[in-house]
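Asker: If you're matching them up, the sequences are chains A and B in order. For the first sequence, position 107 matches number 433 in our numbering, and the numbering has no gaps at all. For the second sequence, position 227 matches number 553 in our numbering, and the numbering has no gaps at all.
Incorrect hints may have been included.
One copy or any two copies: either way a pair holds, since identical chains are not told apart in the list.
Said to hold, decoys possible - Derived DSS-like pairs: lysine-lysine, alpha-carbon spacing no greater than 30 angstroms straight-line:
{"no.": "1", "residue 1": "K485", "residue 2": "K420"}
{"no.": "2", "residue 1": "K349", "residue 2": "K435"}
{"no.": "3", "residue 1": "K516", "residue 2": "K346"}
{"no.": "4", "residue 1": "K346", "residue 2": "K435"}
{"no.": "5", "residue 1": "K535", "residue 2": "K418"}
Hints were generated in silico from the structure; no laboratory data involved.
2 protein chains.
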Amino acid sequence: MIEIIAIVPHGEEILDPKDKESKKLRDAMDHVVKRFGELNLDTIVVFTPHNIRIGDHFAIILTEYASGNLGKRRLSFGCDRDLGETIYKNAKNKSMPVVGVNFGALEGKSSRIMLDWGSFIPLYFLNKKHRKILLITPAREIERDVSIKFGELIGKVLKNYEKRIGIIVSVDQAHTHLESGPYGYSPYAKIFDERIIEILKENDFERLKDIDEKVIENAKPDSYWSFLILLGILRENSNFRVEYFQYALPSYFGMLVGLFKKIE
Amino acid sequence: MIEIIAIVPHGEEILDPKDKESKKLRDAMDHVVKRFGELNLDTIVVFTPHNIRIGDHFAIILTEYASGNLGKRRLSFGCDRDLGETIYKNAKNKSMPVVGVNFGALEGKSSRIMLDWGSFIPLYFLNKKHRKILLITPAREIERDVSIKFGELIGKVLKNYEKRIGIIVSVDQAHTHLESGPYGYSPYAKIFDERIIEILKENDFERLKDIDEKVIENAKPDSYWSFLILLGILRENSNFRVEYFQYALPSYFGMLVGLFKKIE
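Same shape as in the complex, but just chain A (with noise of 0.2 angstroms):
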């Protein structure tokens, strides 16, 4: 079952905070934690665009272990296989575009994927004893009605499901916010920008499907066919309401932290 949502950002400013802006992340962050913190989760599903990149297939990691490291700080998890089986034949049984992907040997301590900085980011807040992660990553070539549905397959799964499960969007916004930035400047990043802000504001995932390939494809999100997923999950889920969220644009893209809470 599904206990908890947030949206976190992946940039390493979250880290260690050093201007204004990535402190505001930073406290939205902390409260993030705090409040995953208080419920006893069993496995944190994160959706991260960084870990294994496929064009045309969602993939699903199937190792025993993730770990990896970020400069000095290290993390190692053990992986909810049980529950990455799951989704994966379930979504291979509907013939959508899924690989199940392991990595090193089958199974045992040599079964481990690499952690990417999008899943290390917030794992890195999230660490706790015991506590198991699933790692899943969008695909951009995929139709956005595909991840939609493979996001309400997932919510269906999730829903029923014996353990208590908080679930990571890693994602960041708009990269074309800054001529100085490594995608230069358009004016779509702020359009996209702030259409994610007013999905947030009215609490209406549906109107991700407005937004216009042009905005996506100038703005340079890694978050929108992430978000398609989180939306057919909350189709699913439709007892979870943005309870609060931070966007802040530390240097040339936006960052965003959100968090869902359940109604009862």
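With chain A held as given, fit chain B onto it using these hints.
Answerer: Quick look at chain B alone, frame taken from chain A:
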């Protein structure tokens, strides 16, 4: 163009050989390294069963870099993305079950896959400045004929590729030679390994197809599916002959070094 092909093991035994059997393999490996060194290769294509493992899809690694460590040993390579993309697109156009896998960022230094021990161990010997690699993983749930056809497609692409290619098929043979091994004992281990030795002796990879499923299931090699791809490559590059091979059984699994030379 393919310049040379080798079958190599990836047990750690060959890094620090201690017993006589392992030393035999290390000598054979040194021979392979010498022969590879005589050619001015641009790219080494490595088939490894321990990197990305997807049961029902071949994976072609499309990251810009691949790096990893084994104990204190460390390696980092640039990847031949052009070649990877060409093989991927060709296979995709033929509706083969294949995925192109990136990791981290889409481009640049953060587009990087971790080396598995199946690629690390042979590449430790074949590491050379400016030499690129391409990692490809086999898939166990795919029909034999499809693996062979995937090999034919790769063989065709490589035949017409302007750069100088070496192929490494990184595999180990039956894993059920010893009761005390992690997979226990099966009489099929000996049967499997003997069949592979016969195939090498007679330079007749077509006979791979005759190996019964029951033999494979019980012998538990990790080689069979990569060998099917190799068969396809050899069909398209019939100017390669087994020049040399060495089999040994240092512990519970069969290890093999084999070298193919080009007949001008």
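Asker: With reference to the structure, classify each hint as holding or not holding.
Answerer: Here is what the structure says about each hint:
{"no.": "1", "hint": "K485 - K420", "result": "within (18 angstroms within a copy, 39 angstroms between copies)"}
{"no.": "2", "hint": "K349 - K435", "result": "between (37 angstroms within a copy, 28 angstroms between copies)"}
{"no.": "3", "hint": "K516 - K346", "result": "within (20 angstroms within a copy, 67 angstroms between copies)"}
{"no.": "4", "hint": "K346 - K435", "result": "between (42 angstroms within a copy, 29 angstroms between copies)"}
{"no.": "5", "hint": "K535 - K418", "result": "both (25 angstroms within a copy, 29 angstroms between copies)"}
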